[in-house]
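Protein chains: 2
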Amino acid sequence: MATLGDICVSAAVNLLSAIAFLLAFAILRLQPINDRVYFPKWYLKGIRGSPTSSRTAVGKFVNLDYSSYLRFLNWMPAALHMPEPELIDHAGLDSAVYIRIYLLGLKIFAPVAVLAFGALVPVNWTGRRLNASKSKELTFSNIDKLSISNVPDGSKRFWVHIGMSYLFSFWTCFTLYREYKIIAAMRLRFLASERRRPDQFTVLVRNVPPDPDESVSEHIEHFFCVNHPDHYLMHQVVYNANKLAAIVAKKRAMINWHIYYENKYERNPSQRPVTRTGMLGIFGKKVDAINHYTSLIDNLSKQEEEERQKVRNDPDAIVPAAFVSFKTRWGAAVCAQTQQTSNPTVWLTEWAPEPRDVYWDNLAIPYLDLNLRKLLMTVAMFFLTFFFMIPIALVQSLANIESIKHVFPFLASLVEKPSVKNFIQGFLPGLTLKIFLIFLPKILMTMSKIEGFTSLSGLDRRSASKYYLFILVNVFLGSVVTGTAFQQLEQLIDQPSTEFTKTVGSTIPMKATFFITYVMIDGWAGIAAEVLRLTPLIMFHLKNTFLVKTELDRQAAMDPGCLDFSISEPRIQLYFMLGHVYAPVTPLLLPFIVVFFAFSYLVFRHQIINVYNQHYESGATFWPDVHRRVLTGLIISQILLMGLLSTRGTNKITLVLIGQPILTFWFYRYCKGRFESAFIKFPLEEAMVKDTLERAVEPTLNLRIYLQDAYVHPVFKRSELEKPMAVDDEEENPLIQTTRASRLSSMPESDNEA
Amino acid sequence: MATLGDICVSAAVNLLSAIAFLLAFAILRLQPINDRVYFPKWYLKGIRGSPTSSRTAVGKFVNLDYSSYLRFLNWMPAALHMPEPELIDHAGLDSAVYIRIYLLGLKIFAPVAVLAFGALVPVNWTGRRLNASKSKELTFSNIDKLSISNVPDGSKRFWVHIGMSYLFSFWTCFTLYREYKIIAAMRLRFLASERRRPDQFTVLVRNVPPDPDESVSEHIEHFFCVNHPDHYLMHQVVYNANKLAAIVAKKRAMINWHIYYENKYERNPSQRPVTRTGMLGIFGKKVDAINHYTSLIDNLSKQEEEERQKVRNDPDAIVPAAFVSFKTRWGAAVCAQTQQTSNPTVWLTEWAPEPRDVYWDNLAIPYLDLNLRKLLMTVAMFFLTFFFMIPIALVQSLANIESIKHVFPFLASLVEKPSVKNFIQGFLPGLTLKIFLIFLPKILMTMSKIEGFTSLSGLDRRSASKYYLFILVNVFLGSVVTGTAFQQLEQLIDQPSTEFTKTVGSTIPMKATFFITYVMIDGWAGIAAEVLRLTPLIMFHLKNTFLVKTELDRQAAMDPGCLDFSISEPRIQLYFMLGHVYAPVTPLLLPFIVVFFAFSYLVFRHQIINVYNQHYESGATFWPDVHRRVLTGLIISQILLMGLLSTRGTNKITLVLIGQPILTFWFYRYCKGRFESAFIKFPLEEAMVKDTLERAVEPTLNLRIYLQDAYVHPVFKRSELEKPMAVDDEEENPLIQTTRASRLSSMPESDNEA
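Protein sequence lines, in the order shown, are assigned to chains A and B. Taking UniProt numbering as reference, the numbering of the first sequence is continuous, increasing by one, and the terminal residue is 754. Taking UniProt numbering as reference, the numbering of the second sequence is continuous, increasing by one, and the terminal residue is 754.
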């Protein structure tokens, strides 16, 4: 067990590295050349012009104003400066609510930390169990003296811990309730204050049954004319344009290469650039690169046009799904919430996602398939969670010195060197695991895609659930109980269920130092690295050097990135869980977690203001998931505390704790009933209010024209290649007159549509 | 362990008692005096007139036609004679679907029994484990030779059992799927073919929020005028008439006593009957009975009138709930399925139950209360299931000889007699338990009422769920594992989870004979007793003697009873479970279960045709529950089989069985998605079709008048006392011209309303 001194050293190291990252960030962000890496959001909004136009030659790339370096931390107060309503307007509700998760962590754990230090630390410190048993147990430290380990078995002092546990749970639930209420209100206000959006009028209809006499389109038209006669307006069938989308993507890549070689030629006009026709431009015949890519692009353009015609005219290219639009929001709300026919597996209606949120590939999956896919993915998820070590161990056993020598004989002499050999032997297994963990979110996302969700936001939420399960079993339980997840599973089955919680519970105090170190490395230093954006920085400069010719190209080379909910939210949940588990056991962990939440809040608030650009806006539909997972962590912590206390000679008073998980679960059910529907359904009253308002303000609105192209597959939108989709909204109704907007308005009329 | 011989004796005894019941029934039902006990349904329908009017003096009471006794079993084919569509028309869909549960049992277990006898019995019989181990285990019988106990440990023969288990599960799921499909279609056809009914147009709105400026009624009117402008028609507020209902009930009892004494006086005019004013007519002053009750009734009539005025005029008597009616079925379907406002805890809408299905007391419970009540009742149900023996043991310990002597000293000498003492000591504890078990359904129903369901059908379904849990834990597991439910719970917690299934699984073959006896006593003889209707028979003759003066009184004295879903369905589920558990283990049990299902089907088909009169018609909304519980039983049986086999040296091949519960659970989820909504929601297409049809057929229909009094609390209906509510429907639109209908039409106009 680590002593307080060890922890201090570790804290110092991690603090220093965090500070180093922050210093690097502070310096890099002041350089004009990096401006598009650290403030892309403002470029996308069109509010920030290129700084390179107004400086001297050197000043274009390096900031020479020394005074600005002195204020290198002033981004922190700036990040907190923007008020929340403006933040929602600027970054969207999803982002604004996402950073509230960190705020929630602060709200929960700051008071809990104060309470724990006020009440539990003195009780633990004066417990003197570890002093008394000095002769028997030698391995204890000051940290353990502050933890529950220092209280003698069967002591009356445990009542304090039990009382505190109830208090913490109550405080957590109270805070969660208040937060849920606030966010439900924010969501409703957001939806109500929104401008007209196509998805307010539109319902996604899936599983349209085949009809022998009518085409899909006619069938849909007739069905809704009959069953929603007063409200049906129009519909948009969905084309199976996956092949077309692939051609378009390929063409775009070719265009990039074309530009690259043209730039090369421009800089060095004496020599025409050449390339090879084979794989990766390494093998095959040498040809003139510019001509080669020009002909390739022409070819693809022709193919694209053919495919486009084919899709438009082939009735088989229409999938049995459609976006049906209504004359009023009320009509759409009704259709989305009701069952259409007596067979609940056809004519399934749900709210249409935002046009840019649609995941087009999954719109045509039949009902039985969906069920089978869910079953398969559940089983797959089970095996992935509990048995993922098996394939990795297999790969690790293959990726050893012998196999390297076997596959690459020319490396044999190199890998035989002792230093290299040691490095490989120590490094390869870890690398394999690391690669797997890097690919894990992608694997989980693929699994979610197979399950058949129709919106990107749905996919994100689902992947987050899966990732949370994985982290819970393999990171949390895996760190507490030694052994693989599979061994834990075996234990869980072969032991009495109480025994497992006892084992886990009693191990928890011993792992406190490990988790403190984990919080510092993953939480503190990790977040500081986040703000530095090293990968996008490098990528931008590479692109800038090789691909950028015009201002528009530079715009395209920016990679603002986005909050990846499916990866980062489950990681936050781990901190919530650690906080709940250790609050009554080792309160020393709490300050570390409080610092994590505060620092993250600051960093991510800065990032969503200046950097990230979300791909979609779901209106915080993810909050019920966040709420559920915080409560899951809370219930697990309550059960583990019961397990821990029952090993400490307090079997009877442990029974007092049994009410906690029951009440918490009830609280979960209550909140679900009270708030969840605000995130799923659109109430008729709100719809009616908006409809009435709109009718009064714009009596002549032609909704048909407004909705005409809203739900067309992106490859069919003419201006798709020129303009990123995500900024459509802001462009049409900019906050202030911007350079980008004025630039756009000078473009041909047709580009302003979509 | 019982031998085959013992079983045969037991079977003979039970068969004889069943036959005795059937004979008694055959004779009693032919007596004209019992006609109203055994054919009340036909009287209620008005098709059958009183037989007493057309016979000789003796023939009025006793059937003298000897030839009819020879055909004493002819009710059996008669019961099967009525085709199903006519049965639905005659007895309602609830009843017709209820007896299909027995049919489902037959469909599942008849082929399973054949298969089991064809494949498993030979495999078991030739296993010869019990022959070989004769020296060690002496207690085995021929029954065990037919069971899985006869197969040697680790034998390859277990593959046959595993294969058969998969086959049985597949067959069960297949049958369940087909049945679910049929019943969903029956329900939709039933709803579509129905005549106009008030609940098709009506939605129950609960939790109307208070408004400072408007009354509840105005608030409702305004809200729906704004949010459903094209569809809202009218609404009916709900009065808190519980006190009034109590007065009416008291008055009715007084009227009964009045009639009783008038009859007495009529028969013996020489002496005015007297009664005492105190408790139960035993204590207090002597008074003239007829005058006494006349004055009491006058008094109550006055009170009733006052209360009626008070309720009608007091705004506080209006509860924040209402029945809101719409112009079309489409409008009602939309309102019932959508969320009205952004706060999902107010303006809750759901389909209105049938007027006679409404449980009026629960309409005004606020949302948080509902949640708290559910929590409390869940905890209470847990304690009731696992700890019900504690209060009973307490009562048993009080109800002993000593306490009897203490409380009733004058009985001291009597109870000291050895024979009486033995009787009391042996009898009292059993009696206490029996009384508890008789009251159990009432307790469960009260718990369901506290939970706040708004319809009688909902209450029945909920109580059935509770009763099923109780039977599962205390009857099934309690019989298999000795010890109280609480001890089992302790075992379950303290042992590994696999150990518990192993314990239970390995005990199962030993309990086969017990359950065979159980099936014969509870199933065979119990059902035969059901058809005899002993209690209603006695009650009818008592009432007939003391209370009946007019033909209408005799009508009221009939007690047709009804299918009590909340009690009888969970009992059937026990048989399903026994069948599934023993099918792969001791196939000998199956024929007994098949006979039970066949016999019950016959008896209950007869009963719903001739006797029972349902209080409400829910359109088979209970089927999803039945389906779920059959599958629950199936999954439990699959897990127990795994437990059993893993104690028989076949750990590895047992793993093959793990797919069964997973697939079965998936099947449950699939069916839920595929069919359940047919039992919960009313699809818009169907509503639209019916609306269109009605508009074409009856363009001048005034719906407002039709719905005016539909959802008035029963105590406000004028004719309520004279006429049973349940037959309203049939009266208005009788199948054929009946004596009752012609009688009714000669009454004053006002009585034909309601």
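Treat the hints as calculated values from the structure; they're not laboratory data. Keep in mind that the hints are not guaranteed to be accurate.
You can't tell identical chains apart in this list, so a pair holds if it fits in one copy or across any two.
EDC-like mimics (lysine to aspartate or glutamate), calculated; alpha carbons at most 16 Å apart, straight line [stated by the list, open to error]:
| no. | residue 1 | residue 2 |
| --- | --- | --- |
| 1 | Lys327 | Asp230 |
| 2 | Lys421 | Asp153 |
| 3 | Lys652 | Glu490 |
| 4 | Lys502 | Asp314 |
| 5 | Lys310 | Asp89 |
| 6 | Lys449 | Glu416 |
| 7 | Lys250 | Asp298 |
| 8 | Lys286 | Glu221 |
| 9 | Lys405 | Asp211 |
Hint-by-hint comparison with the structure:
With identical chains, the CA atoms of Lys327 and Asp230 are at most 16 Å apart both within one copy (8 Å) and between copies (15 Å). For the homomeric pair Lys421 and Asp153, neither the shortest alpha-carbon distance inside one copy (50 Å) nor that between copies (52 Å) is at most 16 Å. Within a single copy, Lys652 and Glu490 get their C-alpha atoms only as close as 29 Å, which misses the 16 Å cut-off; across copies the closest is 15 Å, which meets it. In the homo-oligomer, the alpha carbons of Lys502 and Asp314 never lie at most 16 Å apart, since the shortest distance is 64 Å inside one protomer and 61 Å across protomers.
Proximity of Lys310 and Asp89 under a CA criterion of 16 Å is satisfied in neither setting, with 42 Å inside one chain copy and 56 Å between copies. Proximity of Lys449 and Glu416 under a CA criterion of 16 Å is satisfied in neither setting, with 45 Å inside one chain copy and 80 Å between copies. Taking the shortest Cα distances, Lys250 and Asp298 sit within 16 Å of each other inside one copy (12 Å), while across copies they are farther apart (94 Å). For the homomeric pair Lys286 and Glu221, neither the shortest alpha-carbon distance inside one copy (56 Å) nor that between copies (82 Å) is at most 16 Å.
In the homo-oligomer, the alpha carbons of Lys405 and Asp211 never lie at most 16 Å apart, since the shortest distance is 63 Å inside one protomer and 83 Å across protomers.
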